[in-house]
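Novice: Residue numbers (the numbering used here), protein chains in the order written: chain A, 30 to 333; chain B, 3 to 338.
These aren't lab readings, by the way, just hints derived from the structure by calculation.
One thing to keep in mind: the hints can contain errors.
With a straight-line cut-off of 30 Å between C-alpha atoms, the simulated DSS-like cross-links for lysine-lysine are [to be verified]: (1) A:K74 - B:K227; (2) A:K329 - A:K74; (3) B:K146 - A:K74; (4) B:K146 - B:K128; (5) B:K227 - A:K329.
With the Cβ distance kept under 8 Å, some of the chain A side facing chain B (calculated, not the full set) [as the list claims (entries may be wrong)]: (6) R79; (7) T82; (8) A84; (9) T158; (10) Y161; (11) L163; (12) P166; (13) G168; (14) E277; (15) G324; (16) R325; (17) V327; (18) I331.
Where a beta carbon is used, it is the ideal one built from N, C-alpha and C, also for glycine.
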Amino acid sequence: MPSSLPAEIPQAAGTAPQAAPQRASKRSGSGAPGSGLSFLASELKVLFSRRRTWALLLALAAIPVLIAVAVKVSSAVPPGRGPAFLDRITQNGLFVAFTSMLVSVPLFMPLAVGVVAGDTIAGEAGLGTLRYLLVAPAGRVRLLLVKYVGALAFCVVAPLAIGLTGAAIGAALFPVGPVTLLSGGVVQPAEAAVRIVLIAAYIAVSLAGLSAIGLFLSTMTVVPVGAMAATVVVSVVSEVLDQLPQLEWLHPWLFSHYWLGFGDMLRQPVLWDSFGSNGLLQAGYVAVFGALAYGRFVTKDILS
Amino acid sequence: MSAGRAAAGPDAAGLAIETHDLSKRFGQQAAVDAVDLAVPHGAVFGFLGPNGSGKTTTIRMLLGLAAASAGTVNLLGRRMPEAFHEVLPRVGALVEGPAFYPFLSGAANLHRLDAAGRHTVPATRKARVERALERVGLEHAAGKRVHAYSLGMKQRLGIANALLSPRDLLVLDEPTNGLDPQGTREVRNLVRSLAHEGTTVFVSSHLLAEVDQMCTHAAVMSAGKLVAQGPLSDLRQAGSTRLRLVTPDDGAARQVLTRLGLAPEPAEVDPGKPSPDGGTIVAALGASLQQSAPLPEEVVAHLVQAGVRVRGFAVERESLEDRFVALTGEGFDVAQ
């Protein structure tokens with residue numbers, strides 16, 4: 030370094046003074062939308078290049094594989110036992126996807142989302158990179174938004190990983206044919222694949238509220254594990270409350286209330302009512318916990 | 003621009019960092035107490051203080067990471083933290099040690115932090131990352147995961163991050179922490195070259211020698227308060243130059259010194275080590291070497307003419323360390 034240094038100084042001195050202020054003024058005038066996307070791209074790249082993210086996705090993708098193999102090696106499942114659709118797998122492999130998505134929603138999905146959403150801010154704080162992101166300067170609101178969109182991206186990818194793996198392993202181990210829907214209609218395998226994607230979308234929307242809760246909890250601590258655990262606990266509490274008949278008045282307000290409502294995606298024609306109510310409810314949670322996260326994070330002293 | 007401003011002098015240029023009455027309380031405890039910093043443009047400003055004296059908390063407030071309990075911060079002439087999106091792109095910072103994503107490579111980390119900035123230009127990112135890595139001598143480790151970096155390499159990467167864009171102000175918190183002597187020297191050279199380009203450099207440190215060697219100005223914190231601030235030469239108190247004479251002819255030497263107008267300190271003030279060469283005499287050499295006091299070589303000539311056996315003669319300037327200890331207290335008493 031020392032030897033090469035002097036040679037670089039004139040170059041730096043030449044470019045630095047003119048470039049910096051001009052660029053700053055020009056950019057701040059236009060709002061610099063391009064660099065906003067650049068930060069989001071970087072966030073997604075970091076999220077999906079982490080080994081932990083891949084471990085989560087692989088664990089989720091292992092669910093349909095386990096189900097398919099278990100069904101394949103065991104004798105025929107008597108109808109009516111086990112999770113919904115389980116007894117239909119031997120006739121149609123696409124049901125591996127439906128079964129595994131149904132099985133994963135109450136526990137595995139909230140776990141995985143809790144890890145990702147709980148890590149958003151607390152993970153950066155724990156590493157110490159939060160202060161460098163803010164000095165960059167990322168802007169606190171912008172950082173929250175980018176972090177939340179990153180968590181949402183995981184919510185989209187995770188159910189897709191289960192659904193698509195399920196369809197693939199089902200097709201590999203079992204015959205594939207027209208799928209009989211809950212409403213009695215029959216759709217071709219291609220249409221069934223669309224339904225798998227629809228269910229994945231439904232699950233992604235279902236997890237938007239939990240992600241916002243995780244984001245908020247993540248602004249409360251510099252210990253990412255704490256925020257992750259808290260997020261998972263919140264989701265379990267919500268699901269337990271949803272089971273208590275005494276609290277029926279509360280049920281429509283619980284963010285987990287519509288989680289298992291994606292059966293409507295398996296009707297002909299598709300019933301969008303639960304999708305709509307779910308979307309509205311999740312939007313409410315996103316608004317409330319987004320505002321809480323904003324209120325907490327914008328004034329927070331970054332001391333880590 | 004920056005170079006011109008530096009040449010114009012601090013008075014014409016205003017201040018790169020200016021705080022008024024800046025305070026931070028954590029509960030009852032005042033971590034930073036009514037600090038008025040004034041860092042001129044183009045200065046290499048050493049920010050000194052023992053551990054726990056509030057240096058890093060002050061830096062956090064300068065950069066808008068922590069909110070001040072009271073007082074104001076102006077960075078590059080703009081109010082912080084309100085104007086952060088205009089000010090911070092022009093500020094490179096290393097705050098409380100480097101911090102990176104251990105699972106990303108050095109270059110990928112810089113790409114990430116650069117992308118986080120609102121004003122950075124993606125088109126030039128690759129070239130800027132490469133140049134920053136080159137400047138700190140990390141070009142060969144660019145593709146290595148930070149997980150495998152040594153502390154010194156992380157420190158260099160942290161400095162590279164501060165240099166990703168052309169900056170008007172660099173805030174470096176303990177930049178040589180964890181570096182080997184060679185790395186320390188490189189950082190010093192780097193700071194000098196940056197200052198030469200006109201960048202104002204604000205360096206916090208508890209290493210006095212470091213500040214002594216590279217700074218033009220300094221401030222000293224103690225227990226949350228700013229106890230001294232100004233050009234380094236003022237702080238060092240150029241006046242307190244003294245001579246130290248080793249001779250067996252104590253009485254004769256004292257006579258000569260007194261005749262020359264130098265007041266030798268009584269022997270018991272500085273007993274020194276018993277030496278076969280004789281006793282040690284210490285005397286203040288006047289306000290400054292340039293002023294009315296006799297030149298050291300003249301003192302020696304007079305002593306030798308008077309038959310004093312001069313076995314040791316040294317001119318000592320009060321070190322920054324003496325000054326620092328005088329300001330912040332001796333020993334390990336970290337601010338409570």
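Novice: Hint by hint, say whether it matches the structure.
Specialist: Structure-based check of each hint:
| no. | hint | result |
| --- | --- | --- |
| 1 | A:K74 - B:K227 | violated (44 Å) |
| 2 | A:K329 - A:K74 | holds (27 Å) |
| 3 | B:K146 - A:K74 | holds (17 Å) |
| 4 | B:K146 - B:K128 | holds (16 Å) |
| 5 | B:K227 - A:K329 | holds (24 Å) |
| 6 | R79 | holds (6 Å) |
| 7 | T82 | violated (10 Å) |
| 8 | A84 | violated (12 Å) |
| 9 | T158 | holds (5 Å) |
| 10 | Y161 | holds (5 Å) |
| 11 | L163 | holds (6 Å) |
| 12 | P166 | holds (4 Å) |
| 13 | G168 | holds (6 Å) |
| 14 | E277 | violated (45 Å) |
| 15 | G324 | violated (14 Å) |
| 16 | R325 | violated (13 Å) |
| 17 | V327 | violated (10 Å) |
| 18 | I331 | holds (4 Å) |
Checked against the numbered hints listed earlier, the structure breaks hints 1, 7, 8, 14, 15, 16, 17; every other hint is satisfied.
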